[in-house]
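Go by the hints and put chain X onto chain Y.
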Amino acid sequence: MSALSDIIERVRSVIFRRRDERELAEELAFHADMEAAQLERRGVSRAEARRRSALALGGLERVKDDVRDARGTRFLHDGQRDVAFALRTLARNPGFAAVAILTLAVGIGGTTAVYSAVDAVLLQPLPYQQPGQLVRLYYTDVRRKEDRGVVTPVHFLDYRQSMSSFSSVAALFLYSESGADIGTGDAVRRIRILPVSADYFDVVRVPPTIGRPFGPDEENDAPVVVLSHALWKQQFGGNPSAVGKSLTMNGRSYTVAGVMPDGFADPLAGAVDAWVPGDLRPGRDPNEADNHYLSVIARLRPDVTIARAQAELDRLSKTLAERYPRAKYASARLDPLKEDIVGNSSKPLEIMLGAVTLVLVLICVNLANLLLVRGSDRAREFALRAALGAERRRLVRQTLIESLTLAVAGDVAGIAVAYFAMRAIVAIGAGSIPRLSALTLEPRLLVFSLAVASLSALGFGLLPALRAARTQPGDILREQGRSATSGGVQMRLRQWLVVSQVALAFVLLVGAGLLIASFQRIREVPLGVRPEGVLAFELHLPDARYDSTARARFYETVAERIAALPGVVSAGGVSKLPATGDFNIWGTTPLTGPLANADRGNIAGQNRVVSGRYFDAVGIALLDGRLFDEHDDVTVPRRVIISRAAAERMFPGVRAVGQSLTTGGGPREIVGVVADVALDPQGRSGEGYVYHPHRQFAGDRNWSLVQVVRTTGSLDQLQGEVRRVIASLDPQLVMYKPMPLTEAIGRGEAQRVFTLQLLTTFACVALGLAALGLFGVLSYGVRLRRREFGIRMALGANGGSIRRMVLREGMVVTAIGVVIGLLGAVALSRVLASLVFGVSTLDPRVLASAAVFMAVVAAFAAYLPAHRATSVEPSSVLQ
Amino acid sequence: MAGEPGELLQGTLEMMVLKTLSLEPMHGWGIAQRIQQMSKDVFLVTQGSLYPALIRMKRRGWLTTSWRVTENSRRARYYELTPAGRRQLGLEEASWLRASAAVNWVMTGRLLPDGGRA
Chain Y
3 MSALSDIIER VRSVIFRRRD ERELAEELAF HADMEAAQLE RRGVSRAEAR RRSALALGGL
63 ERVKDDVRDA RGTRFLHDGQ RDVAFALRTL ARNPGFAAVA ILTLAVGIGG TTAVYSAVDA
123 VLLQPLPYQQ PGQLVRLYYT DVRRKEDRGV VTPVHFLDYR QSMSSFSSVA ALFLYSESGA
183 DIGTGDAVRR IRILPVSADY FDVVRVPPTI GRPFGPDEEN DAPVVVLSHA LWKQQFGGNP
243 SAVGKSLTMN GRSYTVAGVM PDGFADPLAG AVDAWVPGDL RPGRDPNEAD NHYLSVIARL
303 RPDVTIARAQ AELDRLSKTL AERYPRAKYA SARLDPLKED IVGNSSKPLE IMLGAVTLVL
363 VLICVNLANL LLVRGSDRAR EFALRAALGA ERRRLVRQTL IESLTLAVAG DVAGIAVAYF
423 AMRAIVAIGA GSIPRLSALT LEPRLLVFSL AVASLSALGF GLLPALRAAR TQPGDILREQ
483 GRSATSGGVQ MRLRQWLVVS QVALAFVLLV GAGLLIASFQ RIREVPLGVR PEGVLAFELH
543 LPDARYDSTA RARFYETVAE RIAALPGVVS AGGVSKLPAT GDFNIWGTTP LTGPLANADR
603 GNIAGQNRVV SGRYFDAVGI ALLDGRLFDE HDDVTVPRRV IISRAAAERM FPGVRAVGQS
663 LTTGGGPREI VGVVADVALD PQGRSGEGYV YHPHRQFAGD RNWSLVQVVR TTGSLDQLQG
723 EVRRVIASLD PQLVMYKPMP LTEAIGRGEA QRVFTLQLLT TFACVALGLA ALGLFGVLSY
783 GVRLRRREFG IRMALGANGG SIRRMVLREG MVVTAIGVVI GLLGAVALSR VLASLVFGVS
843 TLDPRVLASA AVFMAVVAAF AAYLPAHRAT SVEPSSVLQ
Chain X
13 MAGEPGELLQ GTLEMMVLKT LSLEPMHGWG IAQRIQQMSK DVFLVTQGSL YPALIRMKRR
73 GWLTTSWRVT ENSRRARYYE LTPAGRRQLG LEEASWLRAS AAVNWVMTGR LLPDGGRA
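In the order they appear, the protein sequences are chains Y and X. According to the working numbering, the first sequence holds residues 3 to 881 in order. According to the working numbering, the second sequence holds residues 13 to 130 in order.
No lab work stands behind these hints: they were computed from the structure. Take these hints with a grain of salt, some might be off.
Reference excerpt, derived from the structure (chain Y facing chain X, CB under 8 Å, subset only) [what the hints assert, rightly or not]:
#1 E23
#2 E25
#3 E29
#4 L30
#5 F32
#6 H33
#7 E37
#8 L41
#9 E63
#10 R64
#11 V65
#12 V69
So the derived label-pair ranges between C-beta atoms look like this [to be verified]:
#13 X:T24 <-> Y:R21: 26 to 36 Å
#14 X:T24 <-> Y:L468: 34 to 44 Å
#15 Y:G461 <-> X:V118: 47 to 57 Å
#16 Y:R21 <-> X:T82: 51 to 61 Å
#17 Y:G461 <-> X:T82: 45 to 55 Å
#18 Y:E383 <-> X:M50: 45 to 55 Å
#19 X:V118 <-> Y:R94: 30 to 40 Å
#20 Y:G45 <-> X:S78: 31 to 41 Å
Glycine is no exception: its CB is placed at the ideal position from the N, C-alpha and C atoms.
This is chain Y alone, in the form it adopts within the complex (with noise of 0.2 Å):
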């Protein structure tokens, strides 16, 4: 009953809290009336009644309060004029205001991002039914089990056939990217398409949305199709009518068997427009089992565990080493799909989200720094409140209110710059991590990153205030103009809240450091070409429109007309570009020489189609012999040029040119020796290139040769007048990915560059947030000694010494933070070298010049403080 009516009365009173108001105060005015009003009947004169009835209310005011209280509405009243009153202090104090909301929103936003993209990326499960059965199968050889190769499709068929630890397994035809000329005349543009095995929607577990997969029995380049979403609604406008329609691709009618569900994405390829049968007619290759080109998924059965899988597909290995003498060391190993994918971006995610920590625990530092110098300006103004009648419980509420505004601010902005972070980390990243482009912010994180900026706001802001309650208000009012004993404990505190800053971003700068050094190092490997001033792109010639001699005669006039060119020196074509990655690795024999057909000879050699001046265009060197020529065609016997490697290795002490080797199927005469090319970027080298004639090669398959023009003028005109050439030769076709060599090759090193440009950010604002806090705790330390410097200075001192001391305080506490910032270094050279190339994790450059660019941002910093101590006037202090 009364607390029923308890609790009415307090609804109540927030609801009528202005009614209440008004009727309070014209109450207590009617007592204050009827006090004064007896006074006079008592002979006072009726100023001093007044007088007297207002001191016996014992301050109008204050019994508004206890009523408000008694009330239980007292909060909001004052919360509203707490609020208010925060708002103007903050107004009065701009700069402060947005330093903190600033270091807020920076710390919210980046880290709110950055842990949505590793949640994203790392511990999001698979998009798809039971993800953890899914895995992925490598190649290997037996005795190389590190080895993760593509798998032959005489392997996989066995596979297929024979594994019952699988309920189904796929092949992705991933070996070089398909694609496919869609539309006609201007409006002709190239899609992606994947070719993959029968089984494949049904390991991810997802089945078109309308019409049906593909069966085994269309596994032989059946001219069917499985349209993606958006494709479908492209080209048929989303008509459910599409099944069974025809979609010309590359010149050909294909059926379109079904349509993948909106936002379904491969496992291990990104945007694919279109999905088409792979061809796995056994036989159809000349290498048979020792082919290597698919990619292998598969599913496992309920029951069974990885490991049980991977015991029986090491069974059916040995079986097979016995069945094919080509492949006796091939085998095979079982990865979770997860980790396959996102292993290699599993190391550059980890380290950035350790460089984001690091940052929010600085920013977490600065916030302190900022709150607690402001709260030592305002000690006295407390003292001084409290002195004047506040109550401690009030004071401290109105601090903490001033940082509840103050973090709700910089929460607001947080979120804005979370948002924009986020887009600019799936710009940065996309292409170089998988599954970022399904990034999104993630709530959990998002209010996680808000608790924890909002709370340490709110600790850091309460402290002072707590203290100052705890204080009495006499004795820092006494202090007054004199260097406050209290200030020098928080100054120790806030000096080494400055040094942790100085550590935490001097191990981010040896982060970025280490990694611009090996930047610098992977740009002086040789690579064997000259990539600058090479514009790279794709040309494919549709089957159906161009046989094997017709994409023989075009690649080669095309080469011809772009070398025509103003300014172009050379043109031609490759099959795969330099220092991409290893392609068509076929075993390759010599059939002459010391080594005749001696397994010793033998090398895993890199094979490539070329077109055109392809060895003039990307600037690789001929050693002996001869280029190719217009002669080398179908009508001679086969012809190749081979690598100063592969020439050591298969023919050492003799002239290669002449000899004779075996590789792609036939023997192959040599007629040049060229110069070696890396593997990839960071000058990787294989056992050796054989390079084909495309002329002679053409009928092999379409080798959808890459282009390469080099020129001495600019790329992006070069682009314009080769898209012109080409129309000039079939508008039908597609000038597809334009981009300078320099470029394709960085391609490979994307997720090194991603983690660099991450890193190199945090470093910055790590080293502002650094640079703010010995700034901030230099100038308070002036501030807080100003009498001192004054006295000095009347004693003789000079501005110099002055200057001198104030930087030199600032330079010890940088010198001890770069001290234990160099231990946290040591501590995570580990984790950094797996992302560094050809320098130490402890390179002794790097680490030098980290500290000197800390040194010299902390002299900048120290500088300011330094000069404003020598500006203090001795009369005016020590008045």
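Showing chain X alone in chain Y's frame:
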């Protein structure tokens, strides 16, 4: 010291307010005056303690309020006991009498008539 208006004993203010209001509905100033008079100027009730107490008591459902016009034709808020307030007054009176008697016994130093032990 004696003769000066004194501080109220903790917790007795509400009881005295209840007692005052049990006679007739009254406004705040009237309550303060009545207590001062009845205590022969020993207790001085300030606004600072009176009005919060009135609000608390109202919240507990012991009082109701209404705006009325005084004999000097001014508007004032009048407080009136509810049945619950009346019951509360009974309870507090009883426990006060018991407690004050006990305090008296202690302060006058006399042993209880039949509780003494020689």
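Hint-by-hint comparison with the structure:
no.	hint	verdict
1	E23	13 Å, violated
2	E25	7 Å, holds
3	E29	5 Å, holds
4	L30	6 Å, holds
5	F32	5 Å, holds
6	H33	5 Å, holds
7	E37	7 Å, holds
8	L41	13 Å, violated
9	E63	11 Å, violated
10	R64	6 Å, holds
11	V65	5 Å, holds
12	V69	5 Å, holds
13	X:T24 <-> Y:R21: 26 to 36 Å	32 Å, holds
14	X:T24 <-> Y:L468: 34 to 44 Å	36 Å, holds
15	Y:G461 <-> X:V118: 47 to 57 Å	50 Å, holds
16	Y:R21 <-> X:T82: 51 to 61 Å	21 Å, violated
17	Y:G461 <-> X:T82: 45 to 55 Å	54 Å, holds
18	Y:E383 <-> X:M50: 45 to 55 Å	47 Å, holds
19	X:V118 <-> Y:R94: 30 to 40 Å	60 Å, violated
20	Y:G45 <-> X:S78: 31 to 41 Å	35 Å, holds
In this structure, the hints that do not hold are numbers 1, 8, 9, 16, 19, in rising order.
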